[in-house]
Amino acid sequence: MSAIAMQPPAMRGGVPFLGHLTDFFKDPVGLLRRGYQEHGPIYSFRMGGRNMVVMLGPDNNRFVFQETDKLLSIRESMPFFHKMFSPNFYSFAEMEEYLNQRAVIMPRFKASAMKQYVPVMAEEAMALCHRLGDSGEFDLISTLGPVVMDIAAHSFMGRDFKQKLGHEFFELFRDFSGGMEFVLPLWLPTKKMRRSQAAKKKLHRILGDWIRRRRANPIEPADFFQDMVASTYPDGRPIPDELIIHMILLLVWAGHETTAGQVSWAMIDILQNRDYQSVLRDEIGTILGSASGADLSWEQAIAMQKMDLALRETERLHPVAFTMIRKAAADFERDGYQVREGDWILLAPSVSHRMSEIFDRPDDYDPERFNTERADSKVESNSLIGFGGGMHRCAGVNFARMEMKALIAILLQRYDMELIDTPRPIAGAGTYWPEQPCRVRYKRRTIAAQAPADLEAVAAAAGCPAHAKGKN
Amino acid sequence: MARVTYVQPDGSEKTCTNFEGMAVMHLAIGNLVDGIDALCGGVRQCGTCHVYVDDAWIDRVGPPGEDEAIMLDALSDAIAITAGSRLSCQIHITEELDGLRVHIPKEQPGV
Numbered sequence: 001m002s003a004i005a006m007q008p009p010a011m012r013g014g015v016p017f018l019g020h021l022t023d024f025f026k027d028p029v030g031l032l033r034r035g036y037q038e039h040g041p042i043y044s045f046r047m048g049g050r051n052m053v054v055m056l057g058p059d060n061n062r063f064v065f066q067e068t069d070k071l072l073s074i075r076e077s078m079p080f081f082h083k084m085f086s087p088n089f090y091s092f093a094e095m096e097e098y099l100n101q102r103a104v105i106m107p108r109f110k111a112s113a114m115k116q117y118v119p120v121m122a123e124e125a126m127a128l129c130h131r132l133g134d135s136g137e138f139d140l141i142s143t144l145g146p147v148v149m150d151i152a153a154h155s156f157m158g159r160d161f162k163q164k165l166g167h168e169f170f171e172l173f174r175d176f177s178g179g180m181e182f183v184l185p186l187w188l189p190t191k192k193m194r195r196s197q198a199a200k201k202k203l204h205r206i207l208g209d210w211i212r213r214r215r216a217n218p219i220e221p222a223d224f225f226q227d228m229v230a231s232t233y234p235d236g237r238p239i240p241d242e243l244i245i246h247m248i249l250l251l252v253w254a255g256h257e258t259t260a261g262q263v264s265w266a267m268i269d270i271l272q273n274r275d276y277q278s279v280l281r282d283e284i285g286t287i288l289g290s291a292s293g294a295d296l297s298w299e300q301a302i303a304m305q306k307m308d309l310a311l312r313e314t315e316r317l318h319p320v321a322f323t324m325i326r327k328a329a330a331d332f333e334r335d336g337y338q339v340r341e342g343d344w345i346l347l348a349p350s351v352s353h354r355m356s357e358i359f360d361r362p363d364d365y366d367p368e369r370f371n372t373e374r375a376d377s378k379v380e381s382n383s384l385i386g387f388g389g390g391m392h393r394c395a396g397v398n399f400a401r402m403e404m405k406a407l408i409a410i411l412l413q414r415y416d417m418e419l420i421d422t423p424r425p426i427a428g429a430g431t432y433w434p435e436q437p438c439r440v441r442y443k444r445r446t447i448a449a450q451a452p453a454d455l456e457a458v459a460a461a462a463g464c465p466a467h468a469k470g471k472n
Numbered sequence: 001m002a003r004v005t006y007v008q009p010d011g012s013e014k015t016c017t018n019f020e021g022m023a024v025m026h027l028a029i030g031n032l033v034d035g036i037d038a039l040c041g042g043v044r045q046c047g048t049c050h051v052y053v054d055d056a057w058i059d060r061v062g063p064p065g066e067d068e069a070i071m072l073d074a075l076s077d078a079i080a081i082t083a084g085s086r087l088s089c090q091i092h093i094t095e096e097l098d099g100l101r102v103h104i105p106k107e108q109p110g111v
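These protein sequence lines map, in sequence, to chains A and B. Numbering of the first sequence is given in my numbering, commencing with residue 1 and proceeding in unit increments. Numbering of the second sequence is given in my numbering, commencing with residue 1 and proceeding in unit increments.
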């Protein structure tokens, strides 16, 4: 370790003891951007007694992804996790246990495993259309949030669960997730925390009953839940029921909090950029024709490549997980700056994604910047990190992208929409949702009769990997 | 951006582009590249994302890490391990790896 390493430059301002805590909670992204403008890609600020070291840009992103579980720890970075789940669970378990648990979850979320979920996503999106009718207004978060939850309940617990217990589950889950507290001490007997812990007990009871029921009467073909009930650790040991419950709750929480916000931002971006909206409409028209969204297939969804670009651009402009936290497990030096064991390391997609060194005209909405066919496309590796990276990269990324695709494609095909309110990010330090209300006025479109595209031809023309050899 | 080319045992190729925080395995899975199964999801527990790094790239990619080497060693009874053998979940993609070529084995262990 070099003797001349300096402390990372510290942000000015802040108050004794609390440091920048209140600034952070008022406008976290504003604070993080100001730090970057004043000090560059590595700087620090204080929050309560904690020293927060912010690291920005692709090279720092790569460093953090590669050093997690080595120089950096993820286990100690989210204390609320222990209370909500269990200290031996997932990212917070001992390494070997984490690897075992992740090995149970991951295969169910591979891009090729999405085949079985696309019909569920389409069905729930069509159910939304049915509720919406021909015209009216809806609020993005409060309308799309429950659809995301329905898709999760239906995909992860099964259609029968969603039909019988969907509503009760949704209400309990809302209370439960109110306990994901990033800042206040968890022993504080706040009302929110008491309600969350009560909901946790009920959710465990409901899911425990559901596991026993499925053990007694397995369904065929197996769905996600049946697979989870039957799954074992890599060494063949059965997975305890309690762990299955934690996994299900984690998946629903992780999928709901983030996807509800991300899909709402994607709709906002598309509605604010008419030119690209018509690009997407053309693509949907070519692929779906005038066929009902209910028939949306995995192959069709895969072929919607412009939609992929749009979703990536929204991930860049509005990353709902706007920071990612690690804790330094040892002293180390980074770019001449000294980081101490116990410092908190922050990656900030919300700032990194808008650095002009990395992205041309970073505040513009330009999905085509991710079009790799374009000669001037030049986005660096480790630049787009909305889903994290490295070994802890979001397990549900393929599911989330597919779900957003299905929902948006079906809404765009069916409705002309416009924003009523001016969208802005919600204040505060939770997930970066658009502030409510953010309403959309919609009216059913007439769609000229048109056959869906010959998918093989579309896919081949687009270089779709699923069709390269007619398999997967 | 960094492009990685996956070469199938029959010689067919597919090139995929990374701008995210992905490993060679993630990029393959996300692009539905055949032959990389990654049953454990990228935590060097299963060996089903094994690839042969093209000879021209072995130095730049570097050798396997300690845990990965133990895993590869354990697999050497079941599959052919060579100097270019790596678990693709452990090759984090950087700009320096733009142009990387990896060869996909005929079979993955246990698949």
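These are calculated hints, taken from the structure and not from any lab test. Glycine residues also receive a C-beta, built at the ideal position from the N, C-alpha and C atoms. Hints are not guaranteed to be accurate.
To list a few chain B residues with every Cβ distance to chain A over 10 Å, as calculated [as the list claims (entries may be wrong)]:
| id | residue |
| --- | --- |
| 1 | G21 |
| 2 | A38 |
| 3 | D55 |
| 4 | A78 |
| 5 | T82 |
| 6 | E95 |
Partial list, computed: chain A residues near chain B (C-beta under 10 Å) [stated by the list, open to error]:
| id | residue |
| --- | --- |
| 7 | M247 |
| 8 | A375 |
| 9 | G386 |
| Index of numbered hints that the structure contradicts, given in increasing order | 1, 2, 6, 7 and 8
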